[in-house]
Amino acid sequence: MRLAASGSAPIPPDLIQWYRDLGLELLEGYGMSEDYAYSHASHPGGGRVGYVGSPMPGVDVKISDEGEILIKSPGNMMCYYKQPELTAECYTEDGYFRTGDRGERDEEGRLKITGRVKELFKTSKGKYVAPVPIENLINNNRHVEMCCVTGSGQPQAFALVLLAEELRPKLGDSAVRAQIEAELEGLLKEVNQEVEAFERLQFLVAVKDPWLIENGFLTPTMKMKRSKIEDTYGPRIDEWYGAGQRVVWET
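Residue numbers (our numbering): 624 to 874.
Take these hints with a grain of salt, some might be off.
[To be verified] So the derived label-pair ranges between C-beta atoms look like this:
(1) E788 to Q640: 20 to 30 Å
(2) R859 to A798: 18 to 28 Å
(3) R800 to A711: 50 to 60 Å
(4) S797 to G668: 44 to 54 Å
(5) A711 to D854: 26 to 36 Å
(6) P697 to E788: 38 to 48 Å
(7) R800 to G723: 33 to 43 Å
(8) D688 to A820: 15 to 25 Å
(9) T715 to S850: 23 to 33 Å
(10) R800 to P636: 22 to 32 Å
(11) K685 to D854: 32 to 42 Å
(12) Q868 to E817: 14 to 24 Å
No lab work stands behind these hints: they were computed from the structure. Values in this document were obtained by computation on a predicted structure and should not be read as measured data. Each residue gets a CB set at the ideal place from its N, CA and C atoms; glycine is no exception.
Given the sequences, and given the hints that come with them, work out the whole structure.
What follows is the structure, given as structure tokens:
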């Protein structure tokens, strides 16, 4: 078995398993600049797909009541330069660094990242939804390039979906469009079967324009700018909810 390591961004579990089936054990790790990247690592033969590994020697980790990952590492920074207030905000009273990431641990202490604390949003029913795990389910579909789950203040969440680049030019063909709509309806049903009742999506929106660095939807490192996306499509939300459709095509 050959080995390779990955970090910085999550890899879909299906892709990790695909590499393993080829004989390449792809191991994920987790760390931050604030802890000198000395936090978690997966070990050969002991990794678990979807998890970033176990604490490294000397690292103490716990999960707060809000689900935030708290780290006490020998590599933890002393402070943010000339920003004592920010430094104080980022540490608990007992000295754990607040990572801002949400996570959970399995019975062997391996860590799974489930999203960002600030990405949580609350529906009108008072339930908090973590979008990233739902987005990962949608992004596993071969027709989806990227998606954004949102719905703050709405009765139920929904997802904005950017279809795969090679697929978008073909959508003018009514037969192709009908086929993709049927597959998206199936995807919506599959995803809703995987999540809790309060996390179920009311509909998917197939967006018209690509999300690029150039138009401000992505960062230079290709990460989604959630606030930009939500601000751009926000004025259409009431219209989409009112349409009562499972798959909405942006016009």
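A quick look at each hint next to the structure:
In this structure the hint that E788 and Q640 lie 20 to 30 Å apart at CB holds, the actual value being about 24 Å. Under the hint 18 to 28 Å, the C-beta atoms of R859 and A798, about 27 Å apart, fit the expected range. A C-beta distance of roughly 54 Å is found between R800 and A711, which places it inside the suggested range of 50 to 60 Å. Between S797 and G668 the beta carbon distance is about 52 Å. The supplied range of 44 to 54 Å therefore holds.
Distance hint check: the CB atoms of A711 and D854 are about 31 Å apart, consistent with the given range 26 to 36 Å. A beta carbon spacing of about 44 Å between P697 and E788 agrees with the range 38 to 48 Å that was offered as a hint. At about 40 Å, the beta-carbon gap between R800 and G723 stays in the expected band of 33 to 43 Å. A hinted range of 15 to 25 Å holds for the C-beta pair D688 and A820, which are about 22 Å apart.
For T715 paired with S850, a C-beta distance near 27 Å keeps the hint of 23 to 33 Å intact. The beta-carbon spacing between R800 and P636, approximately 30 Å, falls within the hinted interval of 22 to 32 Å. With their beta carbons about 35 Å apart, K685 and D854 fall inside the hinted range of 32 to 42 Å. The beta-carbon spacing between Q868 and E817, approximately 21 Å, falls within the hinted interval of 14 to 24 Å.
In summary, the structure agrees with every hint in the numbered list given earlier.
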